[in-house]
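Keeping the supplied structure of chain Y fixed, place chains C, H, W and F with the ligands upon it in accordance with the hints.
Protein chains in written order, with my numbering: chain Y, 2 to 369; chain C, 2 to 369; chain H, 9 to 267; chain W, 9 to 267; chain F, 80 to 364.
Bear in mind the hints are in silico, worked out from the structure with no lab data behind them.
Some hints could be false.
Computed spacing ranges between beta-carbons, pair by pair [stated by the list, open to error]:
| id | chain 1 | residue 1 | chain 2 | residue 2 | range |
| --- | --- | --- | --- | --- | --- |
| 1 | C | Asp171 | Y | Phe357 | 45 to 53 Å |
| 2 | Y | Ala20 | H | Pro76 | 29 to 37 Å |
| 3 | Y | Asp201 | F | Met202 | 22 to 30 Å |
| 4 | H | Gly118 | C | Asp171 | 40 to 48 Å |
| 5 | W | Arg119 | Y | Ala20 | 34 to 42 Å |
| 6 | Y | Met293 | C | Val360 | 53 to 61 Å |
| 7 | W | Lys117 | H | Asp149 | 51 to 59 Å |
| 8 | C | Gly259 | H | Arg11 | 53 to 61 Å |
| 9 | H | Asp149 | C | Ala117 | 34 to 42 Å |
| 10 | C | Ala117 | Y | Thr39 | 36 to 44 Å |
| 11 | C | Leu125 | Y | Lys363 | 19 to 27 Å |
Chain C is faced by these chain Y residues, among others (derived, beta-carbon under 7 Å) [stated by the list, open to error]:
| id | residue |
| --- | --- |
| 12 | Thr133 |
| 13 | Ala143 |
| 14 | Asn359 |
Positions of the beta carbon are idealized from the N, C-alpha and C atoms, including for glycine.
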Amino acid sequence: MSAENLSQQDERIRAESLATKLMKKPELGAIGGVVLVTLFFLATADSAMFTLSGIMNFMTPAAQLGILGIAAAMLMIGGEFDLSIGSMVAFAGMVFGVFTVNLGLPLIFAIPLTMAFAALIGALNGAIVLRTGLPSFIVTLAGLFILRGASLVGLKLFTGGSTQLRGVRDAVEGDFLAPLFSGDAFTGLFGWLASIGVIDSFKSGAPKVPGIPVEILWFVVIALVATYILVRTPVGNWVFATGGDTNAAKNSGVPVRGVKISLFMLTACAASLVAIITVIDAGSTDARRGFMKEFEAIITAVIGGCLLTGGYGSAIGAFFGAIIFGMVTIGLTYTDFDQDWFQIFLGGMLLLAVVFNNVIRKRVTGER
Amino acid sequence: MSAENLSQQDERIRAESLATKLMKKPELGAIGGVVLVTLFFLATADSAMFTLSGIMNFMTPAAQLGILGIAAAMLMIGGEFDLSIGSMVAFAGMVFGVFTVNLGLPLIFAIPLTMAFAALIGALNGAIVLRTGLPSFIVTLAGLFILRGASLVGLKLFTGGSTQLRGVRDAVEGDFLAPLFSGDAFTGLFGWLASIGVIDSFKSGAPKVPGIPVEILWFVVIALVATYILVRTPVGNWVFATGGDTNAAKNSGVPVRGVKISLFMLTACAASLVAIITVIDAGSTDARRGFMKEFEAIITAVIGGCLLTGGYGSAIGAFFGAIIFGMVTIGLTYTDFDQDWFQIFLGGMLLLAVVFNNVIRKRVTGER
Amino acid sequence: MTRPIIHMESIKKHFGNVIALNGVTFDVTPGECHCLLGDNGAGKSTFIKTMSGVHKPTAGEIFFEGKPLSFDSPREAMEAGIATVFQDLAMIPLMSVTRNFFMGREPTKGRGLTKRLDIDRANEITMEEMRKMGINLRAPDQAVGTLSGGERQTVAIARAVYFGAKVLILDEPTSALGVRQTSNVLSTIARVREQGVGVVFISHNVRHAMAVGDRFTVLNRGQTLGTAVKGEITSAELQDLMAGGQELAQLEGSLGGTI
Amino acid sequence: MTRPIIHMESIKKHFGNVIALNGVTFDVTPGECHCLLGDNGAGKSTFIKTMSGVHKPTAGEIFFEGKPLSFDSPREAMEAGIATVFQDLAMIPLMSVTRNFFMGREPTKGRGLTKRLDIDRANEITMEEMRKMGINLRAPDQAVGTLSGGERQTVAIARAVYFGAKVLILDEPTSALGVRQTSNVLSTIARVREQGVGVVFISHNVRHAMAVGDRFTVLNRGQTLGTAVKGEITSAELQDLMAGGQELAQLEGSLGGTI
Amino acid sequence: ADIIVVAHGQANDPFWSVVKNGVTKAGEDTGANVEFRSPETFDMVQMSQLIDAAVNQEPDGLVVSIPDADALGPSIQRAVEAGIPVISMNSGSDVAKELGALLHVGQSEFDAGKAAGEKLAEMGGTKGICVNQEVGNVSLDLRCDGFAEGFGQEVTVIPTMNDPTEVQSKVRAALESDPDVDTVLGLGASLVGEPAVEAVKAVGREDVLVASFDLSAGFLQSVADGDAAFAIDQQQFLQGYLPVVFLALNAEYGLVPGGDVPSGPNLVTQEAAAQVIDLSAQGIR
Ligand SMILES: Nc1ncnc2c1ncn2[C@@H]1O[C@H](COP(=O)(O)OP(=O)(O)OP(=O)(O)O)[C@@H](O)[C@H]1O
Ligand SMILES: Nc1ncnc2c1ncn2[C@@H]1O[C@H](COP(=O)(O)OP(=O)(O)OP(=O)(O)O)[C@@H](O)[C@H]1O
Ligand SMILES: [Mg+2]
Ligand SMILES: [Mg+2]
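Just chain Y, same shape as in the assembly (with noise of 0.2 Å):
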């Protein structure tokens, strides 16, 4: 070897400020589009939209939809799709429902059984893609037509005709394990501050807000656990491996198979952690719960800067293109546009957004 030690700094590196090294990391890609939508309502909204309660209340789709985003980003950087997953959502709401309603499970096993359900099913679509190596949007597509199909007719077996099964929130009402998957968290503490006036009240004198939505407390720490698993483990590592490029992951010795198989169990057991606690909160499920957010966790995905090729991209990424699409599409409500143009005002909001993140990453970081 040669003796040299050469001094660490190269002379063929430039000085390079925090704001470009931050920029650089596509966790922080996204939160451009955040800064731009927030500055946006604040000039349009009403002020309600950014008061405790209004916050809660656009934090909390936001929250739903991406804990499916940030499964939905984790699979894509592992270089595969689900579009089953708002399909899922319908049915592991059925089965959940089932489980409660009819057998009348109390949540500490109707909560693993459902999850486990979901996991199978996801190891199937894992498996068969694994096995035909046909590409997996078209083998989820399947799943998402079957699900949905099959939620439908377990619906209507297991409540006699109906497409909706009611009755799920008296059936878990004070189970233990409810707080942890309805409701509010810090009740004691909101109505505390609520008495003090730190918060506003109703006439009534109940607390505006009665406390932080579970769903977003589960949703910032899904985020922050994917983040660490995906930049802190050897697993994360293998997800960025096998979506960059299946077959050099595979010659270097990454178990792509497990890997995959694992990615579409995680997806199938966020959609039914979605299914669980909008089913308990809304007391009631049906056949139409969830449709379409295998695509809007996908978009979710992409906004927080996933490549559709995999191998690129971040779960914070994604937590902020949730919070994204949850701002604007609940924030139309609180400004005086007419709902006609909601979609016009969506898709422009959200081009906007990302255009912005884009501009802003390529000014810092220098890129031609």
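Showing chains C, H, W and F with the ligands alone in chain Y's frame:
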């Protein structure tokens, strides 16, 4: 150079059967699926499905979908997506309706103007994708929302409040171009065939099938032209190259920007062709036309063997893909299965058809 | 010396905060083979990419046949008569050999609406050009992705030579080639040079460089170390320069000076 | 001679109707460097891919340390102690150098739920191993896609050497390397061989092969032309064999026998 | 006064666009500031979030449709708790009072389907199909259920996608494969009713009865021409118009009607059809 002039026949090539040679072509990959689906329905469906009128009945939606699917396939081969084509069907329908009904233009102006309008929007999509470097998925997704919203706003504006614009059939009645875009072709021939008893006729003496719906002819012609372009022209080569590896293609002198913009214009024009045909046929247009068609078009292309990553696929594949999709969606109605099972069935049949294609191809070509 | 076809003056190229080229001057005249040498990461590929229109230089000027010029795309450079074999070959794995060979410059027959790919002629030319380089292809419609490394490299070289007009740029063309193919490529370089084409040849192999080069420019860490004319410099000196002046590891079998 | 680590017997491999290997026998013993030579497209890469678990042979047997064995995946082969540098390098362009280096075998710290990537140690090792090969990386988190061809190849070699246990397979490892890096790689081969590792070395460069090889097997059109032991064969003879017995093109500058 | 309307149907749905027109007209007539909101698809979870968003803005009145009392109940109760007067419309007549709504304007989907079924049975129908373009949308499912009950004979639900060409092909397929089918009920006039009339023409079976929920100019024309039996009108313009007017009056003078207002069902048959075509074309019926 070495003086040798080796026999053209290499000893390292085994003989290859004709079947193998054919099955290697992506063009023919989807045929297996068509055969399988046909056999399935021959066994389970009412015999009415495969009468002449039954065939026309499922070929009509297949043709409309197929026109979009072939364009989507070409774009996908070129490495991009267009999620806005479904909304473009509604938007172009609205524009066309306004030209014919509100402005009273004859088709010879109305059709080229509608096409030009659509092409312009397609070019804009392409320009934004190229300019920003964002994935086309996200750019055309914005287009999906914006065009859908614009159709609604436009329709309300031009009808004075309704979401349906009617009177197109009356407006184009008697136009010399109308037979090219609506109704049935070869009606004389079919009338004669019916009169001599070759095809069925009603009691009134009119043939049960008055002719071939024009969209089917368009579908076949477009499939042939697209295949010719892809396989036999320099432009086709550029499309494959652009989708296979944009960088390598650019470095080899392929005008990738031009190729991509043209392809976006093509999908937009295909959408407006479908819009024109369906609007004249139905005599009206409304804000929900073409809903989810972008999705079905991509499905069609993927069933037909296109890779989502670009650079591989065929127009003929999309042709058969559309027929599979059309047959499966309409076919179940001819069977005795419980209609609640429709989606389960649709998903299952799609998966089966694609898996079958794959198995056949691997068996024949001896891939591992 | 005749007027250079391309003259590149003080070219700089930055990628974000990475400085890949820091002022490189270089020219190539008709009928000469100018070798560009240097250690790994010295900036050779980056440099020839600015020459062939792939990158735009961050600073510096390009003169083509005396006129200041800047290519906006590889296609423009190609149309001006610059043919390049890139180190990454610029080929599409899923496409057939023939389609890769003619990518962007397809031969056609017929005219007007019946103008179409002349696939038979294209196949023939491809097979013939590959044979000249010492590769007997099994079939011209084999996908490039299934070719061996050397076969693939040969396709790229044969393509550039076939279309080459005024300047032929070869970035490590012989790295994956067998002895027979290498000798074919080197003799091809010698042949086109005699036809008045300017050749830019990048290699790590001193022997190959010495065999065909007329001038030798050595890059080091993004800067020119200097240019030498054939005969003024020995293999060993050149090799020392290429290694950036650092001593080489000792080998028991010894490589006898030049690697 | 000691017992071979791997013995491959009459390996055949067909891709559809293409016959890539038509009965190749080969073995490698501990502490030797067995060179696999041959023309472009002879089947060298295909052969070592069957050895490292990427392809399953169509026919033929593999013995690992005397026992018949068939690897179902590259991971299994790796776990058995086979490290490979593939000709296409098997790297993910979008990922950083460190992440590529440790892909599939990441170092961790902590235990249980806090078990996580030891990214600092990984970075350090990567920089250090690359430096040993003669490449000073700017930063270990640079994406591999932005490295130069030689830098990229060096990452693949350094990785295989670092993890190599019983057999080290190198498919044209020096093709894109500069003189300094090449001499480092060759001396590395010599070093690991002394440690008792069996090395399979593929090259088109006769000089490199002669410098480190103990035995030389030449493939031609999917078949073995024969195996020679060091000292029994001259460079010129070997070169003739590699060219498939066909004469070489004449060069004005002449390459003095070996290319 | 600020009044917000949250409905489960989309602004581009032909039926709901008429409701929205009613809302807009009421806003103009009363001078109230009205907003119409709806989720992008039939999505109860998102709809409850839209109601929450409306409550946050503390309007002077809130109009909601209630296709799923379980899912929307808590949000509506929150509005009531916050002291916002709520009127329900379209669906939810059975639960409106319970959730604290002042009154309900609309029609029970089930009853409307039942009325249509009875009428079709009376007209001689013996075997029916109910063409549902959005299976799983509870309010549409109820229409089919009501139809089955009122019809009293065998009824098959034909699920379709949102595309007129496909609807036409499917209706044709159903008619061709089972010649006994003599009654077709569509759940939307322009999307299902019009193609169904075309399909019946294409198979040459003049005896088939075609009826459809809601109105469209094209379908009304068919009714007027005798190609279709009748259209079921729930005068949804009123469902948008009346609640807004009531709430505006309530905000100003504290007035409120004493009971629910049934807006339908109203069967539009051949005699009446011609008169409403123009109104339908303007998005009022
Ligand atoms: N897109 C890029 N972004 C960042 N750095 C880059 C990029 N492209 C090249 N570099 C860096 O610029 C330097 C020069 O690279 P280049 O490919 O020109 O080297 P080279 O002389 O061709 O080396 P080799 O002989 O190994 O091919 C390298 O250190 C490389 O890491
Ligand atoms: N997947 C495949 N499908 C079809 N043919 C293939 C495939 N892989 C390799 N081949 C063919 O098998 C032959 C041997 O290829 P291989 O890559 O083993 O050659 P090689 O000896 O490594 O050549 P080089 O020195 O050029 O790298 C080549 O002619 C190649 O075209
Ligand atoms: Mg280079
Ligand atoms: Mg090889």
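Verification of the supplied hints:
no. : hint                            : in the structure
1   : C:Asp171 x Y:Phe357: 45 to 53 Å : holds (47 Å)
2   : Y:Ala20 x H:Pro76: 29 to 37 Å   : holds (36 Å)
3   : Y:Asp201 x F:Met202: 22 to 30 Å : violated (59 Å)
4   : H:Gly118 x C:Asp171: 40 to 48 Å : holds (45 Å)
5   : W:Arg119 x Y:Ala20: 34 to 42 Å  : holds (37 Å)
6   : Y:Met293 x C:Val360: 53 to 61 Å : violated (32 Å)
7   : W:Lys117 x H:Asp149: 51 to 59 Å : holds (53 Å)
8   : C:Gly259 x H:Arg11: 53 to 61 Å  : violated (34 Å)
9   : H:Asp149 x C:Ala117: 34 to 42 Å : holds (39 Å)
10  : C:Ala117 x Y:Thr39: 36 to 44 Å  : holds (39 Å)
11  : C:Leu125 x Y:Lys363: 19 to 27 Å : holds (21 Å)
12  : Thr133                          : holds (6 Å)
13  : Ala143                          : holds (4 Å)
14  : Asn359                          : holds (6 Å)
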